[in-house]
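Q: Note that the protein sequences, when read in sequence, are chains A and B. Using my numbering, the letters of the first sequence map in sequence onto residues 205 to 685. Using my numbering, the letters of the second sequence map in sequence onto residues 205 to 685.
Keep in mind that a hint or two might mislead.
Note: identical chains are not told apart, hence a pair may lie in one copy or across any two.
[Stated by the list, open to error] In silico DMTMM-like cross-links for lysine to aspartate or glutamate, where the CA-CA straight-line distance does not exceed 25 Å: (1) K380 to E615; (2) K307 to D375; (3) K307 to E615; (4) K307 to D628; (5) K307 to E589; (6) K380 to E660; (7) K307 to E660.
Honestly, the hints are just simulated from the structure, not real lab data.
Protein chains: 2
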Amino acid sequence: MAATEATNAADEAYDVIVLGAGPTGENVADRAHAAGLSAVVVESELVGGECSYWACMPSKALLRPVTARSEARRVPGFQEAADRPLDAPAVLAHRDAVVSYWKDDGQVRWLDSAGIDLVRGPGRLAGPRRVVVDGGRVLTARHAVAVCTGSRAVLPPVPGLAEARPWTSRDATGAKTVPGRLVVVGGGVVGVEMATAWRALGSSVTLLVRGDGLLPRMEPFAGHLVAESLAEAGVFLRTGVEVREVRREAPGGPVTVLLDSGDEIVADELLIATGRAPRTEDIGLETVGLTPGSWLDVDETLRVTGVTGGWLYGVGDVNHRALLTHQGKYQARIAGAAISARARGVPILESDPWGAHSATADIRAVPQVVFSDPEAASVGLSAAEAERAGYRTRVVDQDLAAVSGAYLYGEGYRGRARMVVDLDREVLLGATFVGPGVAELLHSATIAVAAEVPVERLWHAVPSYPTISEVWLRLLEAYRG
Amino acid sequence: MAATEATNAADEAYDVIVLGAGPTGENVADRAHAAGLSAVVVESELVGGECSYWACMPSKALLRPVTARSEARRVPGFQEAADRPLDAPAVLAHRDAVVSYWKDDGQVRWLDSAGIDLVRGPGRLAGPRRVVVDGGRVLTARHAVAVCTGSRAVLPPVPGLAEARPWTSRDATGAKTVPGRLVVVGGGVVGVEMATAWRALGSSVTLLVRGDGLLPRMEPFAGHLVAESLAEAGVFLRTGVEVREVRREAPGGPVTVLLDSGDEIVADELLIATGRAPRTEDIGLETVGLTPGSWLDVDETLRVTGVTGGWLYGVGDVNHRALLTHQGKYQARIAGAAISARARGVPILESDPWGAHSATADIRAVPQVVFSDPEAASVGLSAAEAERAGYRTRVVDQDLAAVSGAYLYGEGYRGRARMVVDLDREVLLGATFVGPGVAELLHSATIAVAAEVPVERLWHAVPSYPTISEVWLRLLEAYRG
């Protein structure tokens with residue numbers, strides 16, 4: 205069936221239809237529009253998406269005061285003042301301002317100014333190149349439909365859990381008051397960041413982790429250093445535990461968490477941060493031969509595989525390549541370029557490493573910063589990942605505290621850095637930095653990894669003295685022996 | 205005359221003699237020793253040099269509390285506490301600890317452990333490959349003598365200035381008490397950093413600058429943003445002024461600074477930070493045909509030009525290529541490699557861009573961080589320098605406050621970034637970041653410039669959201685239009 209056959213006079217035709225107005229969807233639409241294509245975005249919640257209202261922005265608004273205070277406590281001349289507790293209502297009010305009080309007027313104005321149409325309501329695919337919004341309005345796409353509906357937190361099948369109405373990441377970033385006692389389940393980024401924030405805001409926090417450490421996707425020392433620091437901040441960390449049952453007798457009342465060990469923990473709130481699922485259950489995937497609720501398989505141009513005509517793209521969390529806002533935006537730039545190239549009839553490859561239409565960084569150079577205290581930042585492959593991938597590697601570690609810039613940054617500085625070198629090509633496969641003040645240091649490694657800069661040339665990239673970045677010199681010296 | 209002719213039985217022979225035990229000299233000796241050569245360092249002051257006791261280390265020890273406090277004042281939940289003044293005695297005591305109370309035992313232990321000999325006393329060249337220490341002990345070098353004696357502050361020829369015993373950088377970083385009124389002359393790095401530190405520690409500071417702005421070697425917006433911030437901190441900045449005369453009636457009494465405008469400023473201390481001179485006056489340069497007190501001309505391997513036999517190297521400040529500790533250390537790594545290669549009879553080029561024996565970064569990719577508030581960080585060429593050098597360039601600017609990561613970093617964030625692109629090769633020639641928290645962001649640009657990463661590939665280096673590093677994305681988007 206040709207695309208036009210499905211179109212009738214009442215339909216609204218666009219070059220590109222985007223489902224989901226988070227940062228990923230906004231960027232796909234923006235790129236398409238900038239390339240001269242007409243674009244519409246369909247959104248059932250707030251324009252700006254998860255990141256703007258319920259994830260990155262509010263979480264960092266809660267965390268930055270924590271970090272700034274920690275850093276102030278590490279310098280002389282200031283410690284007594286910095287030892288005072290944070291003013292939680294002030295921090296929460298700031299968080300409210302950062303999320304624009306959960307209103308999307310500003311983002312809508314941006315869409316308007318960018319020349320992108322917005323249709324509010326739930327959008328569903330209704331066969332090839334067709335989207336029906338809220339069961340009524342029909343949109344058709346001349347060139348592409350991009351699914352950018354993201355992901356949502358999932359609750360594990362624990363008896364009593366759903367009934368207890370636990371917090372998920374949305375509640376944890378949006379809470380209006382500080383719970384007296386908070387149990388956090390999950391040792392990944394959300395669990396670690398929210399344990400950090402709410403502890404600093406005054407909660408008594410228990411962090412429950414199934415595995416044997418925190419931040420399991422990073423180098424092991426990242427989880428160790430963060431766990432040590434959380435413990436010093438008074439977070440009660442229990443590893444190797446499973447939640448067997450949850451009970452909340454009355455709404456708003458205390459919640460009891462039963463562990464497989466038989467222990468019970470009573471708290472005021474319970475945050476579940478153990479996993480994400482794609483928001484693809486109810487977007488009509490079955491009308492184009494795909495399975496509702498599944499992650500979307502895509503090629504390097506972000507085009508969904510196995511869909512006749514190649515008009516469907518899956519960009520951002522939905523494709524499960526890298527569940528991070530910045531990777532979604534990156535994919536959006538790549539997908540937008542691919543959509544517009546194909547619309548112009550330019551033939552492009554489904555995979556062309558580091559080319560304009562391939563999201564190669566998703567595989568080779570994904571950066572991530574955990575805004576804990578200390579910060580944990582990594583890009584590319586960990587030592588274990590590189591080994592599993594069959595590279596011949598050399599792993600070099602460095603104690604960050606031995607770097608003058610770190611020593612000057614704060615008293616009692618603790619941190620660690622690692623680089624993983626591909627011995628065959630002598631380029632970096634990955635790097636990890638853990639310590640106060642390393643968040644902005646990561647991008648140096650991201651460039652080194654993404655640009656495959658030879659170690660020999662990195663030797664000429666001189667770190668300014670005395671910055672923490674001088675760890676680069678130590679790592680390279682150690683590598684060169 | 206062959207080298208051996210000048211040697212007699214009482215002389216002590218080494219492969220490499222290093223004059224000056226600052227970070228540069230230490231690194232030359234270390235590299236030579238690591239390559240299997242014997243090395244001795246001659247030092248008349250403290251092992252560790254200017255940087256460790258009178259420059260980088262103490263200045264950053266004074267500045268870090270200032271920055272940490274400023275950042276704390278920019279976050280909610282904490283401002284009242286952060287508004288308290290710094291405890292100056294605590295900061296000064298910390299500074300004393302950072303410089304090891306001006307004792308070099310730790311550094312001497314390091315030399316010992318590295319297998320490098322130390323001879324204390326003033327060293328002077330006495331003809332080719334010969335150094336006499338304090339008029340007695342004679343050292344001879346089989347392969348190289350490296351002059352790493354650095355630079356010192358110079359006083360301009362202003363009537364009354366020398367007699368008034370002004371502070372130079374050494375006094376400004378080492379003062380034991382906070383002067384009530386401090387006049388700083390010079391708007392470069394030392395002037396700006398010391399005005400920042402002493403103002404925050406309680407001094408009333410007047411900053412006098414001959415030119416029309418601060419930090420004249422950086423992009424103009426760096427000086428503008430720093431001047432604005434200094435003014436807000438209460439520093440009285442006067443640009444376009446010359447000091448005509450200085451008077452101090454009694455030692456320890458007030459000092460009067462007369463300007464060419466006719467104005468007089470009375471202060472307790474006067475810091476002169478207007479220039480540096482090489483410490484080469486009294487090291488016997490005349491015995492090898494060079495001019496005492498001159499900067500040393502060197503090739504890309506750091507070998508002094510015009511000296512028969514090619515045994516003399518000039519490394520660090522003395523060659524005037526880039527008066528920065530980290531560049532001195534970089535040159536030391538390059539020179540050490542060149543010395544050991546030549547000692548093994550390996551022929552090397554005097555210039556081999558980005559090769560193992562060429563200090564190419566000195567010309568193309570010098571990074572510098574000014575630890576003011578806001579921080580100012582740059583690498584490579586400014587727009588004006590690139591234009592003067594004849595490049596066909598495109599200059600892209602970005603307001604840092606528009607980046608989410610900056611907005612979250614601190615309320616009222618002000619900052620700016622610029623990249624200078626070589627349009628012919630589509631690589632970065634330089635980059636500048638000014639704003640709170642950008643010090644560690646600089647190394648990303650240093651790698652991009654030193655590795656000549658194509659803009660097309662930088663597009664795949666994804667900045668983590670929400671960091672300040674995301675300014676990279678904005679700059680690249682603007683460049684790609």
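Q: Now look at each hint and say whether the structure bears it out.
A: We went through each hint and held it up to the structure:
no. : hint         : verdict
1   : K380 to E615 : between (34 Å within a copy, 21 Å between copies)
2   : K307 to D375 : within (16 Å within a copy, 55 Å between copies)
3   : K307 to E615 : between (42 Å within a copy, 20 Å between copies)
4   : K307 to D628 : neither (52 Å within a copy, 46 Å between copies)
5   : K307 to E589 : neither (41 Å within a copy, 46 Å between copies)
6   : K380 to E660 : neither (52 Å within a copy, 44 Å between copies)
7   : K307 to E660 : neither (51 Å within a copy, 36 Å between copies)
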